[in-house]
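S.K.: Sequence:
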Amino acid sequence: MTPIKCRKILIIDDECDLADVLALRLRAAGDFEVATAMDGQEGMEKTGSFKPDIILLDIAMPRMDGWEFCRRLRADPATRNIPVVIMTAWLSNAVHKEAASARFSRLLFKPFDPNELVLLLRSDSLMNPSGA
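Per this note's numbering, the sequence shown starts with residue 1, numbered consecutively.
Just so you know, the hints here were simulated from the structure itself, not pulled from any lab data.
Among the clues, some could well be false.
Unchecked claim - Below, a list of computed lysine-lysine pairs in the DSS-like style, where the Cα atoms sit at most 30 Å apart:
(1) K5 to K110
(2) K8 to K51
(3) K5 to K51
(4) K46 to K5
(5) K46 to K8
(6) K8 to K110
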């Protein structure tokens, strides 16, 4: 049996309680190293230092929202291929349109099942753009 590679997950969400609960759940799963950021600006800084394999990203945040974060992430050759899972409570055509232009890997609508998130983050489909 092949061991599961420990994946580095960066959670960027200004809802501190949600970010903390997700981080605890992922750490408890045993195969994730997790860091958190409270907005896009802090997320950019942590992306550079933490070097995540996958980013969980909220949209509506202070200082730098999720859309601007994605634009900057995709503009940098060092980070443009990091899979991004957008987490949002907004359900609208505008969100879908903006999300598509941000080249995200998955779109999760809050609230979502943390167990399903663990399965998604363990799957190779996020790491392989053709599987998205």
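S.K.: Are the Cα atoms of K8 and K51 separated by 30 Å or less?
M.R.: Cα-Cα ~8 Å, so holds.
S.K.: Does K46 pair with K5 here, judged by a C-alpha cut-off of 30 Å?
M.R.: holds, 21 Å
S.K.: Starting from K46, check that the Cα of K8 is at most 30 Å away, please.
M.R.: Holds, because 12 Å separates the two Cα atoms, which is no more than 30 Å.
S.K.: Need the status of pair K8, K110: alpha-carbon distance at most 30 Å?
M.R.: holds, 22 Å
S.K.: So if I understand the rule, the pair passes when the alpha-carbon distance is 30 Å or less; does K5 with K110 pass?
M.R.: holds, 27 Å
S.K.: Taken at face value, is the distance from the CA of K51 to the CA of K5 at most 30 Å?
M.R.: holds, 15 Å
In this structure, none of the earlier numbered hints is contradicted; all agree with it.
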